[in-house]
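Protein chains in written order, with this note's numbering: chain A, 1 to 1235; chain B, 10001 to 10278.
Among the hints, a few may not be true.
[As the list claims (entries may be wrong)] With the C-beta cut set under 8 Å, the calculated list includes, among others, these residues of chain B facing chain A:
| hint | residue |
| --- | --- |
| 1 | 10120 |
| 2 | 10237 |
| 3 | 10241 |
Treat the hints as calculated values from the structure; they're not laboratory data. Backbone N, C-alpha and C define an ideal beta-carbon position, used for all residues, glycine too.
Listed here are the chains, written in short residue letters.
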Amino acid sequence: MEYNEKKVWSYIELSLIVISIFSFSYFLDATSSYFENGEEEFETEIYETSESNLFLMGKNLVSFAQKKLNKPIFGIVSAEEFVGCCEESIDGIACATTISSFCAPDALFAENLICTSASFCQKGCCYDENAGIYDKNVLESQCSASWDADPNCNFPAADFGCCVLGSSTQFETYGQCVIDTEEFALGDGVVDWQGDLSETQCLQIPFANEKGACVLEGGSCTVNTLEACSSIGGDFASGYLCTSPSLDTICVPTTETMCIEGLYGVYFQDSCGNEGNIYDSSKVNDQFYWNEMVPIESSCNPNSENGNANDPSCGNCNLFIGGICSNAIIDDFDVDYGTNYCRDVSCEFEGEQYENGESFCQYDGKIGEGDDVVGSRHWKYVCNQGDMQLEPCEDYRNEICVQQNTEVDGEVIYRNANCIPNNWRACVTINSEAESEEELIDDCNSAVNCEITDIAIADHFAYPVCTPKYPGGFDTRDERYQETTTLLCGKATQKCTVYQEEKFFGGCKYAANEACLGSGFAEQMNDFCTALGDCGGAANYIGDFEKNYNVNGAPDLSSAWIAKLTKYAEPIAGQYAHVEDYSEYLQAAGVAPFGGVNEHDLIDDISTISQGVGGIGAAVGMAFASTTSVTIGPGVAAAYNAVLGTSLEAGTFTTASSTAAFSGAAIGAAIGAYAGLFLAEELGLSPFGTLLMAVGGALVGGAIGYTIMVTGLLGIGPIGWAIIIIGVVLMIIGAFFGGSDCDPIDVSFECNPWQPESGGDKCEECNSDPGKPCSKYRCETLGAGCQFLNYDADSEDYYICANSCQNDPSPPQLEPQLGLISPGLSYSDVTDSGFKIVSEESDGCVNAYTNLQFGITTEEPSLCKVDVTQKEFDEMSYNMGGNFYLYNHTMFFPVPDPSHGVSQGIDWDGNLEFFVKCQDSCGHETSNFYTVEMCVNQGEDVFAPSITQMVPESGSLVSFDLDETQVLITTNELATCKWDVSDKEYSSMVNEFVCEDSFGLQSSPYGYVCEGPVPTANDVNNFFIRCGDQPWLVGTSNESDRNFMSVGEEYILKKPDKKITIDSILPSADFEVSTEITSVDLQVQTSGGGLYHYCSYSFSGYDSMIPFFETGVETLHIQPALNLQSSEWTIYTECHDELNDVVQGETSFEIIYDDNIPQIARVWQEAGEIFIVTEEPADCRYATTSCSFDFENATAAGTDLMHVIDADLGRTHYVRCSDEFGNAPQGCSVSVVAI
Amino acid sequence: MVKKEITPLRKICLKKENSGRTKARCTPLANARGQVAIFVMVGIVIVVSILLFFFLQKKIDISTFEVENPQSFIRSCVTDSIEDSETILLANGGDIVPQHTIPYYDEKYNYLCYQADYYLQCYNTHPQLEKNVEAQLLQNTQEHVENCFNLLEEEYNSRGFSISSGDLDYSVDILPGSIDVLLFKNIVISRGDSSEEYRNFDFEVLSPIYDLIEISRLIVNDESQFCNFEYTGYMLLYPQYSISRIDFERSKLYNVEHRDSLKSFKFAVRSCAFPPGI
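The following block holds chain A by itself, in its conformation from the complex (with noise of 0.2 Å):
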């Protein structure tokens, strides 16, 4: 592979690094919404109680970038603190996104700035057009030559060209040759500066050049070229060498050898130190192998397989085959003659030769698949003349390590290797951003180094992901990254709810979801889960397993499913990542382009609320569920309408005497068969007991209604009391065959983060194998005790790892953290062994419903959990600020209500109470339970249910295009809404919002969710909302306990004056430039729709669009700096607003280059002048020195068409001129006589 050809490389990295920003960017959005649809799509098609334990995140826009800006460098960053972009912190660091307080005193911050988007900021080059330096990227403040915008430097004096030095070349500037060769001396200081050669042809210069013997004076010689033999005033002898009889020189053969720079062999050294033909031991005295030039092909072995490697007798080195000139006497190598030989190149690595240059992949397991183990690396191995370099790929599997093997007739011959940055990232967000299966799909399939893997586990339980192929590793110890790996991993969170139905004859039988039951949940779901990165249940990279995942309701992993998960801790001979197609990719970014991070989306901080609620509100609903009520269900009532149906048709086939009988039976049949249903109710029976029910109670009513009708109550004759009897039978009967309590079960699996076992006696492991160094993300995932040390004292070794359990015997000490408590509240009666919650208000127990906060501190890092019972320590149910070591582990969740508690059968007196018990890294144990106590206030529910949230807000405005929109709505408990669009009784309002919740487990972080369109035609739609709490009191006699909001809550939605609009796209027509390829700032104007815009581009189409770089902010859009060809283009842009409007338009527009130097068109004196006239605008200057004038210093002659010259008579003046891009000739446009 060539050179050029190898740096496609750069390009492949640098779109790969821009679908990894945006991806980044948008991660945000990945509340899952794909995975939600698929849910809610299941939820309406079947049944409508499943529930997504992703919570829909609000979408707050403005708030992204600043969140991104939250998380800066210099890490935590405190509420009263501006983050922006800092012109020079106090480290000296230019351009850095970062708190007010780390900025210099006198250097420029500009607040909630990105620093892209700062003037300050802007890069450019800096160059020296005299010295031919060109700097890319450079600040203008750090510039101390010329500076312009083009961050690229796409100037024409900045391309690079052969540079022929004598006999040498040089792949350089002009300016640089200019200088290099006046630095020289060559010849008549003409520069010889080609810039139509590539690279690799100007190498090739010096060996195409003609080379012979160049005598001197007094006999002396050297080999050189023609031009630099003449230069230097010899008689060029071409194809000779010094020694060579005939030229009579002071030279003589010797058996002394020498290596040249740029050549690859080992050369015979005559006595003048001139370089002989290719070193042969067979022929140091043959005199005629000292007489002329022998080409390479003709010189000893030059078909040798290995270059002549470690040949003691030929010095005909191949470089790419086996061998270099080097020096015998450092290598200890005995060679026939001289000193120097051919080094062998070519290195071994595990028993396997490779070429010099060749590159490989090694892997510490298997990859792929999302099979990448914790704290496994990519590495690199480059075979370098002779020397095995190893190249770590970026650590957390940030980079991965492409391999091409080149084949020829089926054998490897040549392997290539290259770290490319993984783009892992981009593979989580496609989740979020597809909106149909067949997107996600195909986006999926389309994007590198990301798979679709098959979530199939039940019926209903199936659904496609986007998942890495090699899932990144994570800092699980950096504050920094916790909330985000939390809810990465937390996307496989999922919970299967398996519903049931009665079987005829009683007990439940599976309607949906049944194989979540099975071990196929776990194993899918963990897969699913280690395939996002380094969390579930998975190895490291030493194959030490760590469970980090809890399911419930179905099988654990078995043993054999972990044996192999921890297989993949081996790796897989002849396993390498291959390279992708990134085409798309490349096309989509341009040539080159290269914007950074569209910082608008970033982390929401609800992930975290959502986990503490997730966590705690289970906690509390599976208390309360063992106790819940059945409900019943749509089956159920199903088998109603089917009794009912039955029993009417019974009705029907009743014969009587008259009229009167017949009714009389009739109703008194219909009454005994919803007697009997109602009994049935009451005893829970099954359809078919229900049903035996019915019948024998309608039996026992027909006979005593057509009795009463007919003869009196006295008149029940045998057949009367047949049938009556009958019918109690069938009712007895019917009373033993039972119902069953065929409730949904749910199966969950929670995903956490992954987290070595705790100790240190494995540290060492990190330290062992010196070809594979070790690293801090290797080091912490080998125990949580192991901490990375760049320097040991005590060993005076580097970057160990080290057991920091060996001073630490003793558990963590807990306390409660202090300042951290919801409002009103406060930690009371604090021991060693725990502490109470108390309400500020008189009793000191807590309201219902309070959002309650609060914290545990222990003084040395800890895993914490919490459960409601006693239990032992692995296997208490939820994490206290998630699954990591941490000093301050904080609690969020809202307080339940004791009255609904015990109105819905829970045996609960309002004495709330939770156990915590913290681990510290080095598995020490806090020996007791520390408790919790709180208690909440009891009584009669009067309150009317509170709306904690509304989205859209109110007031907000909504989509120009749509007619309707989604609302959602959030209470402080379990509720009905309402709404209206006028304010009036609850009762009277007749649009209801959905609201599936259900008691203890509420769907959002500030409450219970109910949802539901309204229409919004109008430009401004007014609404009024209500709702009434305790929703299981409907239809009961206790209905009228429920509470009602009085007063409605207004709710306005607006549209925005005009939809979104693109007003202009630039580049929008033709332009010129000098260089093949430009800098072009692609510019979008927008007006109307939302508050923010968002745009993004593609060359392709509407079907694969790139964020722009700076957007989402302003209304004017900039991707700056798309590195284009030459050539005509057609940009497709779209945008969009919060609103979800989406505009598109394209623009058209070529790139024509221009390299032609301004021509003259016409020349003459007039007088004491001299007019030229040139072809298109040009800037000529002149002097009357030679051509090679320096330009800037030059005279001017003018700047137009016309140019005038003072002639100075008799004297030649020499004229260069140079157009607005700077094509000029190298030596004069013209020279013209003065007469």
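Given chain A, put chain B in place with the hints provided.
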């Protein structure tokens, strides 16, 4: 180009120069042809008298006969300083005292290109590196070069010469394969009626620093634009250089070595760094 002047001291009969590069042959005293013994005797008497004169005067300085050529002296003296500074500059990525470094083992790699934020390309913090290196090389050796001239003066003074000198005009020029040391100082050495004048003390020190800086410029330009430099391919094209790259703490540590001289230019780049998570 200022031409080197012929050194009058060469005409004084000296045993040899100490520069190690050139040797001058002594011209022997007049041959004793052996005809007249008296002449021999007279000669011996004269010589002994002269020696006694100097011995009794205690002003005979034998070392005077071993004094160096001033240019050789300066060259030797300044070369040490240049090479010392060159070593520091190579190890420190072009700065005598680097301001922003990343430690790796017992070394510190100077950042030539740095981006504090994740995902973004770096800012080239050392544009026009060659000039910067030249300036620092000059600054770091200036005092030593002046001291070299002071030492020369002391040396000659101690040997009975009087010496007068003008201002020092000192600059360095980093070129392919060498560092040109440009020294201009007007020095007049005299004793008795004779005097010699020196102006030009230019010389060159072989060094690959220019080429190493140029490679570093390529690396920094590519890293700042593409987040990568394809060094494996570069080494194949230019086997005289060995480039190694170490990914460390989200930075890349480059070591560009000139194989023949084994001199390495070391620096760090932080470009398009990825966070350890999201």
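Run the structure past the numbered hints and jot down the numbers of the failing ones, going up. 3
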